[in-house]
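Asks: Work the whole structure out from these sequences, hints included.
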Amino acid sequence: MADEADKINGAETAPGQQRDKPAPPGYFEGESMTRRRVFTIAAQGLGGVAGAAIILPAVGFAVAPIFHRGKERWEAVGPLDDFVEDTYRQVVFTETEGIGDAGKTTAYIRKGSPQFDEDPNSFVAVSNRCVHLGCPVRFVEAAGNFICPCHGGVYDFQGKRIGGPPVRPLDQFQTRVRGGQVEVGPRYSVTSQLEPVRARDPGEFTGGIWEYLYPPRPSTFPAP
Amino acid sequence: MPKISLPKIPDKVVPAPLRKPAKPGSTDAKGQAPQDLKSAPPERQTHVQKLTDQAKEAPVDVLAWVDQRTGASGFLTGMLYRKVPKGTNWFYTLGSATLFAFIVQAVTGVFLAMFYTPSATQAYASISHINNEVPLGALVHGMHKWGSSVMVILIFLHMGRTFFFGAYKYPRELNWVIGVVLLILTMTMAFTGYLLPFDQRSFWASIVGININGTGPVVGPYLSDFLRAGPELGATTLSRFYAIHMLLVPGAIIALIGAHMYLVVKLGTTAPPWVKAEKPKVAAPVAQLDAGVESNGHRGNGSAPTA
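From first to last, the protein sequence lines are chains E and X.
Residue numbering for the first sequence follows the numbering used here, starting at 127 and increasing by one per position.
Residue numbering for the second sequence follows the numbering used here, starting at 894 and increasing by one per position.
Take the hints with a grain of salt, since some may be wrong.
Pair ranges (Cβ atoms, derived) [stated by the list, open to error]: (1) E:Leu339 x X:Leu1067: 31 to 39 Å; (2) X:Glu1171 x E:Met159: 51 to 59 Å; (3) X:Phe968 x E:Ile167: 32 to 40 Å; (4) E:Glu321 x X:Ser1042: 43 to 51 Å.
Note that these hints are calculated values from the structure, not bench results.
Bear in mind the structure is a predicted one, so any value in this text is a computation, not a measurement.
Ideal Cβ placement from N, Cα and C applies to all residues, glycine included.
Replies: Here it is in structure tokens:
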């Protein structure tokens, strides 16, 4: 490497050419690098290592929650008789622990209906989180629709979008029966055909190519 | 606009290192001793007079001591007495106004932090405490809350001024880029600060804001998880927003404001677009000189043709 410093210090000289400066301390014939250059590289390298030792753990600390999946949480919301197939019953349960009321969420639960090819012994739990931007929707019994107050999203009885800006049907929660009680579990999203996929945030399309444009996050639970 | 002439600050008041440098050729009585030294030389002064003079000189002496060790006066006179172009007007104060709004936010923010608890279960109660029980708490909180809107409005007006006056052009492009980063950081401050009171409006506005972030393809979902510190808005979301709001972004803003202002002083400001450049009186562009010599019969005139 014939860089500028080498030329000045005379580490590399063209044959037959006199070096016009005295050799620097420590110079020996045939050296490939000046002492100054070795120290420069070493100091910068050490500085880089020290910087990385601070920055990398700090950044990792900040982004770690992306890859962390919490414990699966199931909560009993009422006996089997509480729920019917032709209308929803509103339940409130804790989705995120440790922040009091702010961690609670609302689901609308009904029994599976043969009208929609559902198992009559199963329960459907529809999330009240609008999939447009996350406002709370309300089930309007007279219309049989879910209606969002923020930007006018409308969903039909099954939670499929029938109007407004939402991009997919309403999310659902896994359900199971334990000891005569209906329990709700992790959230999952559905495609426009109501096929379960991993939970997506509001505003994100599901199904088809959208599964790649809005990839599933490691922090969510696998779809049922 | 009527011209207002401000009274000049007498030179006696300004410490010597900070005095405006005299214009060349304007000095009179060069090399002459000041009048009071002639009429009352030091050897004729009384003890009290000497002490009074020393006391008068003390602030200047302190400044001189600092100046000798920092060389700050050269920098300060260069910065404070720098030339500004003709036509400089009130629109040029928008940047300083934005800076003032930031200082208000920084100062009130420090005092709010003395009472605020960044915990999901106590944040709302601590804000209520500030507003209802702390003396002047509602005022300081109000200044911070409304001041944030003021800062966002001012930074946009400042950007508009820069854009419409063409002040982003060479050689000030880098300052425009720094300004855009400052705009983004200011919006980040507004967004993260909105959650901190943790009332219904904060909560839902932050959910909507995070979900808008999440609609970005491919990286959006991960960005949402990063902002929330998990799949749902939870206990750590508030601490995270708090840390971004009062540690991470303010530091970056202060550093970038320093760079922004350094470049303003270094490059100078632009004249407004309606101020035409004065035509040169003596020197003319080389092309004109050539043309003049070739065709205008000025050959052998000996003086450059006036443009």
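Asks: Each hint needs a verdict: does it hold in this structure or not?
Replies: Right, here's what the structure says about each hint:
The hinted range of 31 to 39 Å is satisfied by E:Leu339 and X:Leu1067, whose Cβ atoms lie roughly 35 Å apart. Checked against the given bound of 51 to 59 Å, the beta carbons of X:Glu1171 and E:Met159, roughly 57 Å apart, stay inside it. Distance hint check for X:Phe968 and E:Ile167: the Cβ-Cβ separation is about 35 Å, which falls inside the suggested range of 32 to 40 Å. Here the CB-CB span from E:Glu321 to X:Ser1042 is close to 45 Å, well matched to the stated 43 to 51 Å.
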